[in-house]
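Number of protein chains: 2
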Amino acid sequence: MELNGRSRVIIEAAAPEVDDGAFPAKRVAGERVLAEADIFADGHDLIAAVVLHRHDSESEWQEVRMRPLVNDRWQAEFAVEKLGFHRFTIEAWIDHFLTWHRDMKKRVDGGASEDELRVQLMIGLEHIRNAAARAGARDRRKLAVFAATLDGDDPIDDKIEDLWSDDLLALMWRNAERRFVTRYDRELLIEVDRPRAAYSTWYELFPRSAAAEEGRHGTFKDVEAQLPRVARMGFDILYMPPIHPIGMKFRKGKNNKVQAEPDDVGSPWAIGGEEGGHKAIHPQLGTIDDFERLVKKAKAAGLEIAMDIAFQASPDHPYVKEHPDWFLMRPDGTIQYAENPPKKYQDIYPFHFESESWTAMWDELRDVFAYWAGKGVRVFRVDNPHTKPLPFWEWCIRDLKCEYPDLIFLAEAFTRPKIMYRLAKEGFTQSYTYFAWRHTKEEFTEYFEEITKPPVSDFFRPNAWPNTPDILTEYLQFGGRPAFVQRFILAATLAASYGIYGPAYERFVHQARDHGGEEYLDSEKYEVKHWPPADDDMTELIAVVNRIRRENPALQQNATLQFHETDNEQILCYSKSAGDNVIVVVVNLDVHLTHSGWIDLDLEALGLETGRSFQVHDLLSNARHTWHGPRNYVQMNPQVIPAHIFRIRRRVRTEKDFEYFL
Amino acid sequence: MELNGRSRVIIEAAAPEVDDGAFPAKRVAGERVLAEADIFADGHDLIAAVVLHRHDSESEWQEVRMRPLVNDRWQAEFAVEKLGFHRFTIEAWIDHFLTWHRDMKKRVDGGASEDELRVQLMIGLEHIRNAAARAGARDRRKLAVFAATLDGDDPIDDKIEDLWSDDLLALMWRNAERRFVTRYDRELLIEVDRPRAAYSTWYELFPRSAAAEEGRHGTFKDVEAQLPRVARMGFDILYMPPIHPIGMKFRKGKNNKVQAEPDDVGSPWAIGGEEGGHKAIHPQLGTIDDFERLVKKAKAAGLEIAMDIAFQASPDHPYVKEHPDWFLMRPDGTIQYAENPPKKYQDIYPFHFESESWTAMWDELRDVFAYWAGKGVRVFRVDNPHTKPLPFWEWCIRDLKCEYPDLIFLAEAFTRPKIMYRLAKEGFTQSYTYFAWRHTKEEFTEYFEEITKPPVSDFFRPNAWPNTPDILTEYLQFGGRPAFVQRFILAATLAASYGIYGPAYERFVHQARDHGGEEYLDSEKYEVKHWPPADDDMTELIAVVNRIRRENPALQQNATLQFHETDNEQILCYSKSAGDNVIVVVVNLDVHLTHSGWIDLDLEALGLETGRSFQVHDLLSNARHTWHGPRNYVQMNPQVIPAHIFRIRRRVRTEKDFEYFL
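Going down the list, the sequences are from chains A and B.
No gaps in the numbering here: position 348 of the first sequence is 347 in numbering that gives the first Met the number 0, and each next residue is one more.
No gaps in the numbering here: position 58 of the second sequence is 57 in numbering that gives the first Met the number 0, and each next residue is one more.
None of these hints come from the bench; they were simulated from the model.
Possibly wrong hints are sitting among the right ones.
Same chains, same names: a pair is fine if it fits in one copy or spans any two.
Dumping the calculated DSS-like pairs for lysine-lysine here, alpha-carbon to alpha-carbon at most 30 Å [what the hints assert, rightly or not]:
#, residue 1, residue 2
1, K342, K104
2, K440, K295
3, K295, K158
4, K417, K452
The whole structure should be built from the sequences, with the hints applied where relevant.
Spelled out as structure tokens, the structure:
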């Protein structure tokens with residue numbers, strides 16, 4: 000019989016555990032991991048349990064004792080500090096000494112006979128002697144003292160008195176008899192990212208539109224000139240669409256016209272020309288040196304450059320000639336272009352991932368990331384990852400993170416939920432969300448409850464974008480400025496990571512190309528735009544909100560997000576807290592009308608005492624109110640500002656707080 | 000690279016799957032298994048998927064094609080017929096022909112050019128020719144006909160017309176190109192039991208109390224005489240407490256007195272005397288031949304005998320002398336008796352499962368079951384399985400079921416939920432429940448929702464008992480006859496399997512030994528009782544309700560249990576359905592007062608048309624009512640009968656159903 004039938008403890012349902020341990024759970028450096036499991040055994044014996052954990056680069060396990068919560072659930076806590084993969088498992092065993100100790104107490108309290116107690120003391124003595132035999136010299140000496148008392152001529156009451164010593168319990172724990180230990184049947188991975196993986200503020204701009212003068216193609220140097228402005232608004236990641244040479248063949252014209260005019264600049268996502276492909280830079284943007292300088296300057300301004308990696312090739316991409324086997328050939332000898340019948344995207348060739356040469360192609364695609372990582376880039380926004388095989392991403396990201404554990408990958412997959420989740424499991428650090436298409440109180444509550452709580456939050460980190468160059472929602476098209484302000488505040492306070500596609504957003508650009516569509520009119524995707532300094536935009540508000548995010552740790556995580564009841568369907572109320580820092584956000588979801596109503600705060604969840612007043616400080620208007628109890632009245636005019644971002648001061652002083660009162 | 004990166008399909012979260020496949024899901028012979036999984040891939044290609052399944056005794060997989068439901072969930076159905084273990088897994092792949100076929104339709108509908116269509120037809124032709132090459136002679140001939148048309152001089156419209164043929168789709172499916180197939184990473188087990196595992200009606204009696212005359216110790220022959228009575232009440236399992244010799248040392252007296260009188264018979268759970276142990280029969284009950292005859296006679300009466308297996312030994316048990324190493328020795332040389340300090344159970348020695356000789360002990364304990372199975376017993380009620388190691392049960396039950404796949408094990412574990420669930424996962428066929436201690440509408444709803452729906456219902460089969468020899472709830476002690484009637488109807492209609500501890504229940508025995516306790520006064524556990532024929536008991540009602548259960552398949556399963564709203568907290572309403580058979584039960588939970596109120600039926604769930612009247616037939620009172628719409632009025636007097644068991648007739652005839660109306 001292979002089984003050790005004497006290992007009586009069962010360990011089940013450990014957490015965090017993504018898909019039975021098939022994928023790592025995500026945490027950031029400095030976070031404390033709460034490891035849990037159901038642990039139980041037959042009968043009434045007491046159990047001892049430990050979490051074993053270590054960084055993958057270490058060989059020694061660290062051990063933390065677990066404590067029982069309720070209903071056979073056990074927990075321990077450990078910190079993860081080092082980037083990369085941390086792993087843990089659980090061990091548990093019957094602790095016969097503890098069991099004996101508990102029963103001894105019951106016997107004494109139950110008035111057991113002295114005869115019985117003497118037999119029991121013999122049993123206890125044996126436990127202590129065995130522990131001493133296992134112990135190091137120092138503990139052995141201390142245990143010997145306990146043994147001597149139990150074994151000696153002292154009155155039985157004195158012997159028993161000794162048993163209740165915390166010292167004895169600590170000594171016995173340190174030298175516990177670990178017999179018939181059950182070990183959880185797998186080791187679970189924690190992927191430890193840097194803090195920015197969980198809390199980040201993204202700003203997207205097209206470098207070719209960055210020139211100060213109208214009509215000139217922007218350069219990396221022009222982007223450098225924008226850095227102070229972007230930093231002043233409080234962003235920490237500056238994301239640029241692809242910066243590679245753009246194909247000429249089937250190049251798209253303005254507003255996605257099938258035929259480009261001679262001077263049309265094309266879509267940056269039609270990657271590759273005679274100047275090179277995914278490792279080259281569009282000559283009009285600058286040189287590789289210019290790019291590296293931009294990366295450094297950005298860093299100096301507190302910004303990271305995020306690159307856009309789109310795995311597809313224009314017909315002019317060098318890959319097409321060098322690796323025709325990476326593309327699908329049609330029976331007429333032409334290469335299969337991208338299609339979604341009856342729509343055709345002849346300016347783009349997708350990679351053929353069922354190619355015989357797939358391993359070489361995988362290597363090359365991974366090397367694209369590695370190349371730019373070598374130039375100092377640590378953040379990648381990946382275009383349409385859901386149209387490339389999911390197993391590729393697991394391999395690619397895992398491989399890259401071995402060398403660069405500080406990499407951040409944002410998955411731009413606006414697709415079905417299970418695919419979005421799978422991409423996150425495969426290794427994407429952050430994910431775009433359905434945020435742009437959530438509008439009602441019910442929709443926000445349901446969606447954010449799902450994506451900010453386990454099991455989803457263990458592997459999926461939402462990044463909320465109210466717009467992108469592809470997504471100008473009808474809400475923004477028709478909601479006027481209040482819509483822009485409201486969606487911005489929602490994104491920035493609901494999600495620890497959010498981003499905006501910049502100049503178009505901060506200037507309230509809202510004209511769509513087609514009725515019923517979400518494409519911008521005269522989209523930057525197909526032409527160079529000019530964004531001269533504006534008097535009237537959202538930059539001030541953006542700077543204020545991003546400062547609020549920086550100053551309030553509550554807004555830098557999602558785990559504590561909680562929705563509160565309101566009596567008006569147009570008023571959304573939610574809170575986030577981090578220790579003493581408590582933020583309550585109230586938003587008027589109606590972009591046209593002033594709304595007022597009563598919010599009903601879950602005071603306990605906010606750490607507020609029921610009978611005590613508390614102060615709410617609106618960080619947007621700087622107004623301060625004293626509230627009492629859960630029900631409070633709010634009113635918001637969308638034409639002024641459609642939201643409150645309240646910081647809660649839990650204790651408001653009363654006369655009782657002053658010395659002279661006492 | 001070991002990974003086949005060209006297998007692009009992902010298969011996740013298959014069902015039924017208990018603890019990631021660590022344990023089998025339970026079904027009964029003749030049931031149809033709904034196998035499901037999340038199946039998806041990158042991009043927009045169409046997927047094909049099959050379930051592979053086989054009984055463990057077969058070597059060939061059967062295949063069933065899966066169909067997509069919603070949200071990337073796929074499903075297929077297969078029947079399990081043969082007892083034992085059935086296993087299944089899933090395979091899926093990109094179906095390039097289907098993808099091409101779908102896109103061809105879109106191209107044609109989108110008005111693609113004839114040039115484009117010709118290229119596409121070439122691609123389709125290749126798919127068909129490849130399929131023909133894979134096919135057997137018959138399919139090959141048929142595919143050749145399609146290929147000839149596509150390849151020939153027919154007008155392009157005719158060629159295209161051919162593509163929409165169902166025959167072509169069926170041929171292509173049968174000979175599909177299964178390249179880069181993804182197989183689910185595990186095989187999942189289905190434990191197939193006989194139908195009684197899921198639907199059973201238990202009656203418990205003490206054979207020693209079965210004598211017709213007062214003062215005589217009952218025998219198996221006396222039990223034979225009871226068979227017609229028990230069968231008439233509609234039970235199908237007759238369960239007897241342990242029938243083994245009872246120890247003399249520390250024998251308990253009446254009402255669990257520490258010192259027995261000389262003529263006290265002791266507790267049947269203090270197993271083992273000089274006449275033998277777990278494989279012997281108490282001499283006063285009869286011989287092994289008597290027992291075997293009882294088993295046969297019971298079978299002839301439609302009843303199975305269930306034995307009680309309690310793994311513990313009296314100090315007189317032969318094991319104590321023969322295998323002292325199976326018990327724990329104390330330092331004073333005595334054997335450790337059962338204890339729950341400060342309580343002592345000196346008449347019982349627990350087995351020491353951490354013994355060095357554990358493998359020999361496991362073998363012997365399993366052999367106890369095997370011995371009785373050899374005598375024709377197929378149902379075992381296992382006493383306190385949660386005080387024996389959980390891994391033992393998995394091994395023991397699995398091993399026994401290889402030889403006797405028709406065995407049924409009922410776990411008598413009134414312990415913490417996770418342990419009860421684990422026992423069920425380890426192999427127990429049925430489990431006692433907390434039913435006896437659930438009283439309010441909220442409690443019933445919450446508890447039965449939990450135990451009758453996946454994931455729990457995949458491994459845990461509830462058996463509801465309103466009483467047992469150990470459990471006389473305060474509800475029964477103080478609720479009078481209405482309490483007995485109400486709890487009986489609830490058990491029999493909420494759970495497909497239920498049981499009563501017989502004579503005491505049907506005669507409304509309600510006197511407890513101690514205030515605040517649940518022990519019967521003058522319990523049969525410690526003395527011989529006499530149950531002369533009674534004029535006034537519940538046997539008629541029991542017979543009626545058990546007949547209703549037999550005649551209504553809806554009550555023979557739990558999967559469709561659904562609770563319906565009522566406007567009175569004392570009125571519980573729930574339904575079960577099996578095809579056309581729909582039962583709605585309404586219970587007045589108040590044992591003192593008549594209650595009336597409105598029930599609000601979920602008509603859609605019941606398969607009722609909203610606008611059409613339906614008939615409800617109370618199977619208890621035989622009254623019939625015509626109801627219309629979801630809200631209906633009910634009133635129940637607990638002194639008369641506290642419940643309705645309605646059978647729904649979905650269609651009530653109206654004038655439109657008669658020919659002369661037309």
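Tested hints:
no.: 1; hint: K342 with K104; result: between (79 Å within a copy, 13 Å between copies)
no.: 2; hint: K440 with K295; result: neither (43 Å within a copy, 66 Å between copies)
no.: 3; hint: K295 with K158; result: neither (71 Å within a copy, 62 Å between copies)
no.: 4; hint: K417 with K452; result: both (16 Å within a copy, 23 Å between copies)
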